[in-house]
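There are 2 protein chains.
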Amino acid sequence: MSPKPLDYETLNENVKKVAYAVRGELYLRASELQKEGKKIIFTNVGNPHALGQKPLTFPRQVVALCQAPFLLDDPNVGILFPADAIARAKHYLSLTSGGLGAYSDSRGLPGIRKEVAEFIERRDGYPSDPELIYLTDGASKGVMQILNTLIRNEKDGILVPVPQYPLYSAAISLFAARMKGITVRAMVIINPGNPTGQCLSEANLNELLKFCFQENLVLLADEVYQQNIYQDERPFISARKILLDMGPPIGKEVQLVSFHTVSKGYWGECGQRGGYFEMTNIPAKTVDEIYKVASVSLSPNVPGQIFMGLMVNPPKPGDISYLRFVAESKAILESLKRRAHIMTDGFNSCRNVVCNFTEGAMYSFPQIRLPPRAIEAAKSAGKAPDVFYCLKLLEATGISTVPGSGFGQKEGVFHLRTTILPAEEDMPAIMTSFKKFNDEFMEQYEDYRGYSRM
Amino acid sequence: MSPKPLDYETLNENVKKVAYAVRGELYLRASELQKEGKKIIFTNVGNPHALGQKPLTFPRQVVALCQAPFLLDDPNVGILFPADAIARAKHYLSLTSGGLGAYSDSRGLPGIRKEVAEFIERRDGYPSDPELIYLTDGASKGVMQILNTLIRNEKDGILVPVPQYPLYSAAISLFAARMKGITVRAMVIINPGNPTGQCLSEANLNELLKFCFQENLVLLADEVYQQNIYQDERPFISARKILLDMGPPIGKEVQLVSFHTVSKGYWGECGQRGGYFEMTNIPAKTVDEIYKVASVSLSPNVPGQIFMGLMVNPPKPGDISYLRFVAESKAILESLKRRAHIMTDGFNSCRNVVCNFTEGAMYSFPQIRLPPRAIEAAKSAGKAPDVFYCLKLLEATGISTVPGSGFGQKEGVFHLRTTILPAEEDMPAIMTSFKKFNDEFMEQYEDYRGYSRM
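Chains as they are written, first to last, in the working numbering: chain G, 1323 to 1776; chain W, 1323 to 1776.
FYI, nobody ran anything at the bench for these hints, they're computed from the structure.
Hints are supplied without guarantee of correctness; some may be wrong.
Put simply, identical chains are the same to the list, so a pair is met inside one copy or across any two.
[Said to hold, decoys possible] With a Cα cut of at most 27 Å, we get these calculated DSSO-like pairs of lysine-lysine:
| no. | residue 1 | residue 2 |
| --- | --- | --- |
| 1 | LYS1360 | LYS1376 |
| 2 | LYS1652 | LYS1701 |
| 3 | LYS1360 | LYS1339 |
| 4 | LYS1477 | LYS1338 |
| 5 | LYS1758 | LYS1705 |
| 6 | LYS1614 | LYS1638 |
| 7 | LYS1714 | LYS1412 |
If you're wondering where the values come from, they're calculated on a predicted model, not measured in any experiment.
Produce the complete structure using the sequences and hints provided.
See the structure below:
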């Protein structure tokens, strides 16, 4: 009998080609071990609340009230909710046409797109047009929309940094079958960087934009970690600010799409799926095409849109909730900074491990210098060397990481990616457990000469 | 200078080809008129809350508490929330790993997928496996996922009913460039029907499944209106129940994917973007591929998942909120039924308009018998005849409908689609305004012989 349409052999080949390491072999094995009762520390995904981070109070109060608008008429509402949360809930409900249960415009609620534009203007010092801002179900949905608009066939390619976040390689394989003989259409930057945690300087961004101008590339700026900065030397600077600083011709010519989300920052509201993208120097006809395709999915989820509004327009000095909001925000960001240090220092104390400091974002990407005998052992086990190491780490310690090969790495060089998100009080024990595993692993696979002298 | 990558001329041609009538020319014109201050009655999208339908209280209480979990520790929570909503919020939070702010598994929360499986088993009388149920951001996202898995290249096609909901034609143009010389891979049914409002009988479903078996097609069953039934003669029966009733070979062989949502039913929670699809007779390797691709978007929004849990597991007799929940549900469904009658009767009272009763779903699809002179006038205006009629209707009355051509219709026959969702108290005035416009339009364009005699 011939295969049926949803039998594996007859599926879309581009779907089969998708590889997505963040939820790949390591994640699946970790999920199995968890089912068997092993305690797993999931550092594979930047998912702060899953590791115990508490949500910020004010935005949750506002969205809860938007979900239960009948409370706004209840004389007792003030017992559980502060007046500024009540006022803000009324404000957001007034921006909807029918509350959270109504589809919004496919680009998102106009009033929230206006708040995003005002935020961008305050951040960059240049006006921003709400009509060029589209709200999305998290940044990844926006990236997929733009890549789908850009990639015409299997001969179109996108330059992505190596190492890169595998959303990009996955989406590209989904839309483009083959990456040889290609027309390069766009360049992706992730700033602050995932998985490397670096922040791009003004000079870096200048060079990148010049390159896009010379090579006629769209710049896709993944700036979802713009709030996650753990040092003062390299603050976050948006690609858009540098582009507009450059003036014509580059500032008027280079096409830029910038992405943001409520999932990262210190909010970490991953499960809410809120995000936006902003388009700079994109012609109106293209903006309309993107609108049309967004319409097929009707509307991004409305609660996620309200989280985005709250993120770009948080409580202000003098508001009842201001001090609490600032205290909660500061506590999270300062703890993340301390955790970045504990993790980097911890990795650097391990045999054959070197690690740059996490300047921004929420990841650590140590290089693991695997001895030749470990590489041979991996080969015998039919695994890539970094996958072999990460699986052993998982089995020994419960620490679930992502092998560097999922992000791309130099030939013969091996990394892993962890988040810096485990609870601060758990961090020393995790790093001790990591060191014990790593140093024993190195002991086991190093020969007498010692790998470090090679 | 050569065009830039996001200039219209160089975009993905499949994106340009997408047509989506529900938010097409009519919707854009209606939005413009609204901006100019005209009162618009948006009956183009099934968006009940936008037309004044109030959300059901119990699910909103539960989700509000899940958004504000700190309220669960507040001794005053009982002043604003009933005990069963509090208990249910605790239940759903216990199914998450980190509350609403954490990404869930890419297939959705296992505990909610279990509640969906139990609902399907109660409905159909056959067990359902939670591992074959994937939660999605509304049904349309699930449809896109499955079509993307199925359609391999421009030679693959999908049979869709005519008239059809344009999500299907839009998604197909997105994934497949051309619809000639095609391998048909799947058949779509929408039951209860959109836009026609018909309910399929057991005999219809039997025939359709036999056809899928003979022709080796996947059946994609869009059953998002399964709660929206306005008569007793043809209750909703799921494609899955009939398939399993048929037994082998058909019951074991035909591949079926069924879609559901929280956006429709009498809940109408469109803005929350909750949905699921269930796979029957789909091989495990394919299920894994769909999981992998879903992982690229990380996770469906978690509040939407909880709405889905609540929809399949509503308050039970004896629960504190039961009577209120039932009363609210009944009021909405009975009003929808009355509105279906008002609308059908209203259309049938108009000159040159005939309309079937809306047995289910939330649409009315009257046939408008346009006189030849109206068709000529449309031609002179460069419009399709039904678009011409609908635009005139919009300008004259503010009623925003969708021309039948967006759904497909027989050559030379013209329809429009409206929802039955305007508030019941507004319905008589809307139908009076429609009749006045229609009858004057017919008067203007009919010649002396009278079109009805042709």
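Is it within, between, both, or neither for LYS1360 and LYS1339, if the alpha carbons may be no more than 27 Å apart?
-> neither (31 Å within a copy, 51 Å between copies)
Which holds for LYS1652 with LYS1701 at a C-alpha limit of 27 Å: within a copy, between copies, both or neither?
-> Result: close neither inside a copy nor across copies, 46 Å intra and 65 Å inter.
Identical-chain pair category, LYS1614 with LYS1638, by Cα at 27 Å = neither (36 Å within a copy, 42 Å between copies)
Is it within, between, both, or neither for LYS1360 and LYS1376, if the alpha carbons may be no more than 27 Å apart?
-> within (24 Å within a copy, 46 Å between copies)
Can you tell me if LYS1714 and LYS1412 fall within 27 Å by alpha carbon in one copy, between copies, both or neither?
-> Close neither inside one copy (53 Å) nor across copies (37 Å); limit 27 Å.
LYS1758 and LYS1705: within-copy, between-copy, both or neither at 27 Å Cα = Within one copy only: 23 Å inside a chain, 74 Å across chains, cut-off 27 Å.
Indicate which option fits the pair LYS1477, LYS1338 if close means a Cα-Cα distance not exceeding 27 Å: within, between, both or neither.
-> both (18 Å within a copy, 18 Å between copies)
The structure fails to meet hints 2, 3, 6 and 7 from the earlier list, while all remaining hints are met.
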